[in-house]
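*Asks:* Following the hints, put chain B in place on chain A, whose structure we already have.
Each chain, letter by letter, is given below.
Number of protein chains: 2
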Amino acid sequence: MRIALIGFGSVGRGIAEAIVHKNLDLTVSGVADSKSGIIDPAGIDMRAVLERKRETGMCGEEGISAMEIITSADYDLLIEVTPTDARTGEPALGYITAALRRGKHVVTSNKGPIACAYHALRTLADEHGVQLRYEATVCGAIPIMQALENGLAGNDIRGIYGVFNGTCNYILTRMADERLTYQQALLEARELGYAEADPTYDVKGIDAAIKLVILANTVWGLSTTLDDVDTTGIDAVTSDALELAEGQDCTIRLIGEIVPGKEILRVSPRIIPKSHTLVVSGTLNAVMVDTDMAGKVTFIGKGAGSSETASAIISDVLFIRDHHVKRT
Amino acid sequence: MRIALIGFGSVGRGIAEAIVHKNLDLTVSGVADSKSGIIDPAGIDMRAVLERKRETGMCGEEGISAMEIITSADYDLLIEVTPTDARTGEPALGYITAALRRGKHVVTSNKGPIACAYHALRTLADEHGVQLRYEATVCGAIPIMQALENGLAGNDIRGIYGVFNGTCNYILTRMADERLTYQQALLEARELGYAEADPTYDVKGIDAAIKLVILANTVWGLSTTLDDVDTTGIDAVTSDALELAEGQDCTIRLIGEIVPGKEILRVSPRIIPKSHTLVVSGTLNAVMVDTDMAGKVTFIGKGAGSSETASAIISDVLFIRDHHVKRT
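Protein chains in written order, with the numbering used here: chain A, 909 to 1236; chain B, 909 to 1236.
There's no promise every hint is true.
[As the list claims (entries may be wrong)] Cut-off 30 Å, straight-line C-alpha distance, at most; resulting in silico cross-link-like pairs (DSBU-like, lysine-lysine):
id, chain 1, residue 1, chain 2, residue 2
1, A, K943, A, K961
2, A, K1112, B, K1204
3, B, K1112, B, K1204
4, A, K930, A, K961
5, B, K1204, B, K1170
6, B, K1204, A, K930
7, B, K943, B, K930
8, A, K1182, B, K1182
9, A, K1204, A, K1182
10, B, K943, A, K1182
11, B, K943, A, K1170
12, A, K930, B, K1170
13, A, K943, A, K930
14, B, K943, B, K961
15, A, K1182, A, K1112
16, A, K1204, B, K1204
17, A, K1170, A, K1112
18, A, K1204, B, K943
19, B, K1182, B, K1112
20, B, K1170, A, K1204
21, A, K1112, A, K1204
22, B, K1182, B, K1204
23, A, K1170, A, K1182
24, B, K1182, B, K1170
25, B, K1182, A, K1204
26, B, K1112, B, K1170
The hints are simulated quantities; they were obtained by calculation from the structure and are not laboratory data. The model shown is predicted, which means the values in this text are computed figures rather than measured ones.
Only chain A is shown next, with the shape it has when bound in the complex (with noise of 0.2 Å):
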């Protein structure tokens, strides 16, 4: 099977080297990054492209871009995992499109086209016989698209409820442990690489709902958006209140839940008892599945990490390479 890897940042380096290292039979095609790219039916040697990258900053030559790469060049799947926009989904939208509109399976890691265009995106996979997906999108290392998928098919999902940040986890946790405030907190999430300079995508829930939006369109089929989700962040989360909570042998945890029976699709601040087992420490995920033939079933793993990402991309890759690849 042939590959397209467009992204070439920490993800794409990831994949990379995992397709350099394990005996996966992929074929790299064509590979860019926002600069450069580089193009050859034959297989490219990633040894070398991961070399010239730390050397020089780009991965091929420059004139060489993504989209051409995407609408020209010889592959059966793309992997899309391109610094994009979470709420405009762009530039992954248009590259995940042109790719699906040729024929080819698609693979991302990216939430925006999912959470923005699903409906639109799945049409165009199923009109063309090929595959789109994004495990990576939602809870990172968690293989939860594929246990919703196939572990647990044949259950009705009765609803989904996690932890689905692990910035937001991380400063919970540490005010709960340490008594810091949540400026303190987030301070110290800033200085350890888990929040971003603004954080205002973590810390007000908007991550979280996006992966929401993701699985109320995926396992449910709904059509909503992230309008459609009542979000509250953990910024006015205060020491009191925590300390309250944990007077009752409890603590506070941000919460993302989705029971299309009752019409509750939100994330918020929740106080649960220490022994639930979505509390979980750290940059830490849990997601909790209930079902109706397998009771609950909860997930726990990081949420996010290049390597986590990676590990999601390729295990989609090998899905479709051992299930779905076209019989020619």
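*Replies:* Then chain B, alone, in the frame of chain A:
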């Protein structure tokens, strides 16, 4: 896809109920319990079979045996959920072998055949180009085999750790929470139907060890047997030991561990911090998979129960239907 359903106890009936009530696009062409059977290539009315079983204790007619259905009926996939000796694997092993020899896909809930004869069965399935799936054998409702096979595909699995036996976990939970003695907690587990009249298989760690054998042979291709597992049960755990653990904010759980790189294959009661992800309550199971790219991913859910087992069986059946049914 046509199904032969062999075994019509609570799990078999749970599967039949799911086929009746959910739109799974499955036709049942053969059903057998220990005393009777029914064959109809055009499709059996499963609602009627469930009613007959309820009224007469038999699913079909006397004189039609399970083996007759397996070797002569028209079906694509055998669902094998008979009461089977976990140590010898019979009668399931004979049934599964006969179906694979006929080139039929097999889904089973029986640990015995997979633990005793995995490599022979896998070879037989490969030779005939059919699938052998057994999600239900390890941790009931938790889609752990699916996660290891697909969700975490591409990862090197370094180790697997977990609480694999709900009976032991219930007993240890009750001893810790209510300061019961082992005998008191065992009695309670028996009254609630969580422990058998002869609890040896659970409390001596044998059930957990069998699950480790299945994982070791499946995930790493090892050829381990029950004798290779260093197994200690929970029957020697005292209230004093639990109280000591409690004093250090710890508790005791029966933990199964496989770490091939360190030659660890062990089931034993372990003292672990109460905040550890594997400390789950009551009859829950928990499995932590340690990987190179995805880090540590933990799965928590019900380990037993007829509905949970039916869920795992159905997910395997649907996976084969969607991804492996022979194109004709």
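*Asks:* Now tell me if each hint is right for this structure.
*Replies:* Okay, the hints, checked on the actual structure:
| no. | hint | verdict |
| --- | --- | --- |
| 1 | A:K943 <-> A:K961 | holds (11 Å) |
| 2 | A:K1112 <-> B:K1204 | holds (28 Å) |
| 3 | B:K1112 <-> B:K1204 | holds (28 Å) |
| 4 | A:K930 <-> A:K961 | holds (20 Å) |
| 5 | B:K1204 <-> B:K1170 | holds (17 Å) |
| 6 | B:K1204 <-> A:K930 | holds (19 Å) |
| 7 | B:K943 <-> B:K930 | holds (27 Å) |
| 8 | A:K1182 <-> B:K1182 | holds (11 Å) |
| 9 | A:K1204 <-> A:K1182 | holds (18 Å) |
| 10 | B:K943 <-> A:K1182 | violated (50 Å) |
| 11 | B:K943 <-> A:K1170 | violated (45 Å) |
| 12 | A:K930 <-> B:K1170 | holds (22 Å) |
| 13 | A:K943 <-> A:K930 | holds (27 Å) |
| 14 | B:K943 <-> B:K961 | holds (11 Å) |
| 15 | A:K1182 <-> A:K1112 | holds (23 Å) |
| 16 | A:K1204 <-> B:K1204 | holds (20 Å) |
| 17 | A:K1170 <-> A:K1112 | holds (24 Å) |
| 18 | A:K1204 <-> B:K943 | violated (35 Å) |
| 19 | B:K1182 <-> B:K1112 | holds (23 Å) |
| 20 | B:K1170 <-> A:K1204 | violated (33 Å) |
| 21 | A:K1112 <-> A:K1204 | holds (28 Å) |
| 22 | B:K1182 <-> B:K1204 | holds (18 Å) |
| 23 | A:K1170 <-> A:K1182 | holds (26 Å) |
| 24 | B:K1182 <-> B:K1170 | holds (26 Å) |
| 25 | B:K1182 <-> A:K1204 | holds (21 Å) |
| 26 | B:K1112 <-> B:K1170 | holds (24 Å) |
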